[in-house]
Structures are given as C-alpha cells and as structure tokens.
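Visitor: Here is how the chains run, residue by residue.
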Amino acid sequence: MIKYITRRLIQSIPTFFGITLLSYLLLWLAPGSIVERLYLAPNIKAETRARLAMQLGIDDPFHIQYLRWLTGDDWLRWDSDGDGVADRAFELLTPLDEDGDGVPEPPGDNYGILRGDFGRSFVKKQPVMDVFVANLPATLELGIAAILTSLVIGIPVGVVSAVTRGRLFDNTSRVMAVIFDAIPNFWLGYILLFVFAVWLDLVPIGGRCVPNLYGICPPFFERMSYLILPTFVLAAGLIALFSRYIRTSTLEVLSQDYIRTAYAKGLSPPIVNFRHAMRNALMPVATLLGPIITNVWAGAIVIETVFAWPGVGRIAFTSAIQQDYPVVMGIVIFASLGTIIGFLLSDVLYVLIDPRIRLD
Amino acid sequence: MQADDLKLRLDAEAALRSKSLTDLALARLWRDRLSMIAIVILLLLTLASIAAPLLTGLLDVDPNTTDASASKYLPLFSDDHIFGTDNLGRDHLARLLYAGQVSLFIGFMSAFLALLIGVTLGIVTGYFGGIIDDLVNWIITTLNSIPGLVLLIVISAVFKPDANSLILVIVFLTWTATTRLVRGETLSIRSREYIVSARAIGASHFRIMRVHILPNVFSLTIVTLARNIGIVMLIEASLSFLGLGVQPPTATWGNMLSKSREFITKAPHLMILPGLLITIVVLCLYIIGDGLRDAFDPTAQD
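Here the protein sequences come in this chain order: W and R. The first sequence: position 191 = 220 (the working numbering), numbered continuously. The second sequence: position 255 = 303 (the working numbering), numbered continuously.
Bear in mind the hints are in silico, worked out from the structure with no lab data behind them. This one's a predicted model, so the numbers in the text were calculated from it and none came from an experiment. Careful, some of the hints might be misleading.
The calculated SDA-like cross-link candidates involving lysine to any residue, where the alpha carbons are at most 25 Å apart (straight line), are [unchecked claim]: (1) K307/R / Y95/W; (2) K307/R / F209/W; (3) K208/R / Q352/W; (4) K153/W / R80/W; (5) K208/R / V224/W; (6) K307/R / V224/W; (7) K74/W / L96/W; (8) K154/W / L55/W; (9) K307/R / D210/W; (10) K208/R / F151/W; (11) K208/R / D210/W; (12) K154/W / T49/W; (13) K208/R / F209/W; (14) K153/W / R97/W.
Next up, chain W with everything else stripped away, as it sits in the complex (with noise of 0.2 Å):
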C-alpha cells in the first residue's frame, strides 16, 4: 500500500511541474507590460521603467524568471555579512551588479512556489498565500455542503432507481438527471434566486451573512438561509452525477448471484436492496473524488459570483478580471493541487474498501 502511494505520489511530480510550466507560460505570453500594471503610471520615464523592469526580473530569459518563481530568488543573490547589502550572487544565472552601475542590485527575498510563496497580490498588497486562506473556509464550507448534499440525496435516489427500473420513479428520476446536466447552473442560480429570494422573500438574495464590521460570520447553523440555494445549485450536478452512477453499479450487483442467494433464503427486498446490494453499489463511488473536485472548483466560481459568496472561486474571478497575476497562478496552483490530491485519494480509497483489489 505505501508503496503504491508512493509511486501514485512520484507519479504526481511532472503532473505537478506540467502546470507550473503551463501556468507561467500564459503570465508569461499576456500582452501589456507589468511595470505598467504595477504602478499604474502611464508617463514614468524611461529609464525609469527600464530599472523597474530590471529590478522585477522581466526581462530576463523565460528560463530564469520561471526558475526564479519557482524557486525563490534568495539564493541568486544574498547577503552573507547582515548589513543589508547583497554581496554574493550565483553570478551564472544573475550578476551581482546586474546594471552596470558599480552599486550592486538589493538581494532575494522571494522564497519560489515551490516553498510556497506565491509572491504578493498586485491589488490588495498583500501575499497570495494570506489572501488564499482568508478565502479558503467559504469555499470548503460551500463545497462540503453540496458533497454532502448530493451524497445524501443522489445515493438513495440512485438506489431506489435501480430497484424500480423502469417504473414511474426509474424515469422521472433519470429525466429530472438529464435536465439537471443540461441546465446552466448559473442560470438555475438567478431563477432560484428570483423566484425564492425576490419574489417570494423566503432567502436572502446573496452573500454569507449579514454584513458587520469585522467581516466575519457567525457558525453556519444560524445562517442556513444564506447557505440553502447555493448550496443547492453546486449540488444539483453532483446529484444527477451520484443517482446515475450509483443506479447503472447497483443494477450490476443486483443480476449478481449473491443476490439471488440472499432472496433465496427468505430475505426482505428492503433488506437485500439495502443490506447486501447497496454496500457493494457504493464502491466505485470512491473513484468519483477526483472529479467530483474538480466539478466543485469549477462551479464555485460560477455559483460564488452568482450568489456573491466571499470563496476562493469569486477571488480567482476577479483577479483574473484585475489581472491580478500573482493570485490567479496562486489560485490555479492550488485548484490543481487539490485536483491531484482527489484523484490520487480516490485511486488509494478504492483500494482500501475493495478487497478484491490487489496491488502487485
């Protein structure tokens, strides 16, 4: 087992090297100059711009100026005396004194992603990695809901399908699945919120909480009204999603001979269909994970602009409206990780809860 992690994890690492590479590379070709977008002044001098764009690096070949956001750049250029003046550089990749001008340039003091320091937001001034995590629980309380959400309902709905295949309950089950894969979610999004926050005033029309002055919310629990529609849009895939997958696994262990066995011997339906059928159903939900979040990053975007939820997805939104470079790769960097991490999860929960599977 460990050592199939292992090797799933090692795996991982060009995965992971893919996307930085690709992340950098579309910064990297963005039209527009990011002196201009730093400053926000379009008449600086040009000398001027010349010693800013030096100083932030951008003129460098792509291969250094990925290395040096992957890697940090404390280590081209440090000072080893602590008087605050670089006086050691690894003079391959970038000279001490880069302009010329006899005065050696300040040392690093960017740590490199993969020491997780995602470099400072250009609008809000402030790291990546803060912003991130200021953003991160509205997400995952969003994203757990809806899981849970559709676990509950798409499982039973999913069951019962099988059960009843081709009956009333079968169809309208798998029609109401198909509409619900089809319907733009944002746009479910507006017409619940027109129909049970406008015009029937049951919901409030968007956000987390009410709004304070610390900014922050009370416990979930005492704000259910806020959480009830969002929650239910992101789940409404996710349902469809469950209930077919959940009705084709449990129609193939129902034509299984255990089955027949079970009702040989004088079993309930209820008991068979819930007892022996379902447990065996549910596996290959397990190897749904890794979808499943990549599913979830994608609607909350959508559905946190729609409903004005202060996550990760709205942040990633409007940064990249902003252009605001550093949280957008910071935000795709960890969209992936989390991608990578589900899908290796599902791949390792499979083989825990099968025990016809092995690994060798």
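Given the structure of chain W, go ahead and fit chain R onto it with the hints provided.
Guide: Chain R only, in chain W's frame:
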C-alpha cells in the same frame, strides 16, 4: 432445386453483408422516438438561427434597432415584438436568433475541431507509442489536473478572445478526452491479427492507420460528439455569462444572460428565454448522445 437453394443462400448473405454496424445503428436510432424528437428540435432551432436574416425580415424586426421611446422592456407577446424587447428596445426574438448563430457555431465548431485533433493524435500516439506517446500523455495528464473552467477563465481574462479565438481556447482544453479514448482503443486494436497481417503484406503505417484503425475507432468518437457539443455550449455560456467570453455587441445566449440579470425584476423574460434555449439545446444534444451510444452499442439486440 439446388440453384434455388444457392440463390436463397446468396440473398441471405447479401442481406447480412449490407447491414453494417452503421446501418444497424441508424436503423436503431430511427426507431428511438426520444432521440428523433431531440434531433428534430435541434434541427429546427439550428435552421431558425441560420435563417435569422430571413425570419427577422419577414417579421419586420431588426436585432440592432434601438428604440429610445417607451418600447423598452416590452413583455412577451407584444404587438410588434413577439418575445418583447430588451433594455435598449431591441427586438428580443431577433437577438435570440442571431445569438443562436454564434452559440451554435462555437459549440459545433469547437467540438468538431477537438474531435479532429483527438482522433488524429489518439491514433498516432496509440499506434506508434514511444516518446510522442509519453509527451502527449504528460500534456493530457497536466491539462486534466487543472480544473478546466479555472484555466479557461485565466486564459480568457488574459487574452480577451473573440468568437473565433474562443473556439481555439475551448479546443485547447477539450481535445484531451477524445485523444485518450481513441488512444486506448488504438492500443487494443494495434496488436490484433489483422493489423499484424497487414504489416506482413507490406502495408505502410499510414495505410494501416487510415484503412484498418480509423474506421474502427470512428463510431466510438462519433458517439461522444453530440455530448461534447453540449458540454462546449455550457462552457461558452458560463464564460460569456461571466463577461469573459464573446463580447457584446456580438450576442450569444450566454452573454445575453449576463446583461439581463440587471433587469431581472423589470423584465424576467430577458433572463428566462436565453437560458431556456441553452437548456433545450444541451438537453437535445445529451439525449442524442445517449441515443447514439445505445444505437452504436454492438452488444445491443434487435
């Protein structure tokens, strides 16, 4: 007597031979009432969008004529405007039809290009293996590990695509699924006897891929095409809704939704109709996709 027998046998063989998998599948699809209804609805909507200039001419409305007088936010079934007017007094039906052209074009074109790339790359990597295969596989795993919409939003925000470049961006993110499917199937076909014998009589790699592998993987991919068009249309709608897809004044169903949310209390139909059209089209495509899958299932019984 003997001649009759032979004739009968030949007829039976001809009847058997003429029914290829595709013929059988089409016959099955023809009998599948739900799929046929979906195909008809989809065809009607597509034709209506293509014929938008003609239809709007007949109804004497124009998608871009604004009306500053009192005829803003007209409700459904108004006298001159069957589907009402929007916030600038433009005819809603005309805009929906023209938007349909763009939305459907993006959906069909992206899915088709992704299919083309997927089939080509899938066959080549699956057939040759080796370093190209490893490289393509690495790219696929990488792209699949980044939540698609997150990446799409970043790309769209950075490069601000129009309708045509948006197709390329969507293709960049969606070619992986078909490639993986085709690659897997090619891998299993590659080692079969008839491929080995084709090699033995000196067929070139290109000929083997074209004549012996392509027809066998094709039905597999055509089945996923309908569903993929639906997925792409939902992606486009989400992007345009967020204001990152196709930019106004070019209308798509997605960006019509994006504008209309500001007027939801004043004119709910502006919000409801584009979303309903997306839902209907995607639903039809999913139903057709399921129908095709069942029809092309070689284990199905007639």
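Visitor: Now tell me if each hint is right for this structure.
Guide: Cross-check of the supplied hints:
Our distance criterion of 25 Å between C-alpha atoms is broken by K307/R and Y95/W, whose separation comes to about 39 Å. Using a Cα cut-off of 25 Å, the hinted pair K307/R and F209/W holds, with the two alpha carbons roughly 23 Å apart. The straight-line distance between the Cα atoms of K208/R and Q352/W is roughly 11 Å, inside the 25 Å bound, and the hint therefore holds. A C-alpha spacing of about 24 Å is found between K153/W and R80/W, which places the hinted pair at or below 25 Å, so the restraint holds.
A threshold of 25 Å between alpha carbons decides the hint, and for K208/R with V224/W the separation of about 34 Å lies outside it, so the pair is violated. Between K307/R and V224/W, the direct Cα distance comes to roughly 19 Å. Compliance with the 25 Å bound is thereby established for this hinted pair. With a C-alpha separation of about 29 Å, the suggested pair K74/W and L96/W falls outside the 25 Å cut-off, and the hint is violated. Note on K154/W and L55/W: the hinted pairing holds, with a Cα-Cα distance of about 22 Å set against a maximum of 25 Å.
Taking the CA atoms of K307/R and D210/W, the gap is near 24 Å; set against the 25 Å cutoff, the hint holds. A distance of roughly 20 Å separates the Cα atoms of K208/R and F151/W; the hinted pair therefore holds under the 25 Å criterion. Note on K208/R and D210/W: the hinted pairing is violated, with a Cα-Cα distance of about 28 Å set against a maximum of 25 Å. The suggested pairing of K154/W with T49/W holds, with an alpha-carbon distance near 23 Å, which does not exceed 25 Å.
Our distance criterion of 25 Å between C-alpha atoms is broken by K208/R and F209/W, whose separation comes to about 30 Å. As the CA atoms of K153/W and R97/W are separated by approximately 22 Å, the hinted pair is consistent with the 25 Å bound.
Hint compliance for this structure: hints 1, 5, 7, 11, 13 are not met, and every other hint is.
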